[in-house]
Amino acid sequence: MAVKHWSKMQERGNWLGMQILLICYRVFGRSGLWLVLFPVVFYLFLTGKTAREASYAFLTQARKVNGNHKAVTWRDSFRHFRAFADSAFDKIDAWLGRIQQSDIIYTNEALFKELDEQQQGAIFIGSHLGNLEVCRALSQHRYRKVINVLVFTHHAVEFNKLLKSINPDVGINLIQVTDLGPDMAIMLKDKVEQGEIVVIVGDRTSTTTAGRVVEADFLGKPAPFSQGPFILAALLDCPVFHLFCLKDKSAEGKRVYRVVFEKYADKLTLPRKTRQQTLQKIVSDYAQRLSYYAASYPYQWFNFYDFWQNDEQVSRDQNKEN
Numbered sequence: 050m051a052v053k054h055w056s057k058m059q060e061r062g063n064w065l066g067m068q069i070l071l072i073c074y075r076v077f078g079r080s081g082l083w084l085v086l087f088p089v090v091f092y093l094f095l096t097g098k099t100a101r102e103a104s105y106a107f108l109t110q111a112r113k114v115n116g117n118h119k120a121v122t123w124r125d126s127f128r129h130f131r132a133f134a135d136s137a138f139d140k141i142d143a144w145l146g147r148i149q150q151s152d153i154i155y156t157n158e159a160l161f162k163e164l165d166e167q168q169q170g171a172i173f174i175g176s177h178l179g180n181l182e183v184c185r186a187l188s189q190h191r192y193r194k195v196i197n198v199l200v201f202t203h204h205a206v207e208f209n210k211l212l213k214s215i216n217p218d219v220g221i222n223l224i225q226v227t228d229l230g231p232d233m234a235i236m237l238k239d240k241v242e243q244g245e246i247v248v249i250v251g252d253r254t255s256t257t258t259a260g261r262v263v264e265a266d267f268l269g270k271p272a273p274f275s276q277g278p279f280i281l282a283a284l285l286d287c288p289v290f291h292l293f294c295l296k297d298k299s300a301e302g303k304r305v306y307r308v309v310f311e312k313y314a315d316k317l318t319l320p321r322k323t324r325q326q327t328l329q330k331i332v333s334d335y336a337q338r339l340s341y342y343a344a345s346y347p348y349q350w351f352n353f354y355d356f357w358q359n360d361e362q363v364s365r366d367q368n369k370e371n
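Residue numbers for the sequence shown follow the working numbering, so the first one is 50 and each next one is one higher.
For the record, the hints were derived by calculation from the structure and aren't laboratory data.
Every value quoted in this text rests on a predicted model; they were computed, and no experiment measured them.
Just so it is clear, CB atoms sit at the ideal spot from N, CA and C, and this is done for glycine as well.
Be aware that a few hints might be false.
What the hints assert, rightly or not - Label-pair distances were calculated between CB atoms; the ranges are:
id, residue 1, residue 2, range
1, Trp123, Gln225, 32 to 42 Å
2, Lys312, Pro271, 39 to 49 Å
3, Lys312, Ile69, 39 to 49 Å
4, Arg147, Ile69, 14 to 24 Å
Work out the full structure: start from the sequences and follow the hints.
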């Protein structure tokens, strides 16, 4: 059976459906809408074989890393699906202003304040672990810098159009990316030099150049990571940060969001003679941090495909199909 690249998997949902979701959310609230959505999520769980198998595989591997050898059940996987659906509510809550600053726990916030006061911008490398939307919305209430988010799917653009309709004054620029080529790099470098932030995820391989990857250990198994985000970070010649936003509970049992902000380097350099070795270390360091938080918050891992798949095999299979 041909292995599909993540970008070739059809998104299960559409623009109209997301608009209906927002209307229902405003009318019924979070709890009321869950009663309506529960059978829908369960249907998607039953019929989404690829996503379900990916959920089982990921949760199993995360448990091994945590020393938990208990078999993953369908209830565990369904909980994973429910967490993904619930993350959409978190996004809407953030843009509607329903998440207050008291609901946020910042890690190393002093670093971000320091960056906010500097003239130069930076690049944030995030992931599909947790909910970066919460970071993006909340940052606008505290910081001045313009944020440019690189998105790689039409689904992401549609969802963000919906969020923009909720809060049109937010200083977020969404940049649809099909190829991280020289023109894109020059445009982003100009933005960084003007003091703006570039946000890119580092946990998905290229939609156009499958096979251009670096393998790094992720939860005890080698996984392909795209070279693109890390090469871009070097080209931008600016500070590089790892960024995660994870839902958690306070000591009192209250829902909170933990924003993890870690500085990786003042800038990245890729010397010609040691380019591949240096890139390997940079990607491995990112994968190590991603592994740590993915093992700690496994149900917030929102890559519902075989993350450890051989990207070169995916590329060959796609060429055969074409």
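Against the structure, the hints come out as follows:
Distance hint check: the CB atoms of Trp123 and Gln225 are about 37 Å apart, consistent with the given range 32 to 42 Å. Against the hinted window of 39 to 49 Å, the Cβ-Cβ separation of Lys312 and Pro271 comes to about 27 Å, which falls outside the hint. In this structure the hint that Lys312 and Ile69 lie 39 to 49 Å apart at CB holds, the actual value being about 41 Å. As the Cβ distance of Arg147 to Ile69 is approximately 19 Å, the hint placing it in 14 to 24 Å holds.
Hint compliance for this structure: hint 2 is the single one not met.
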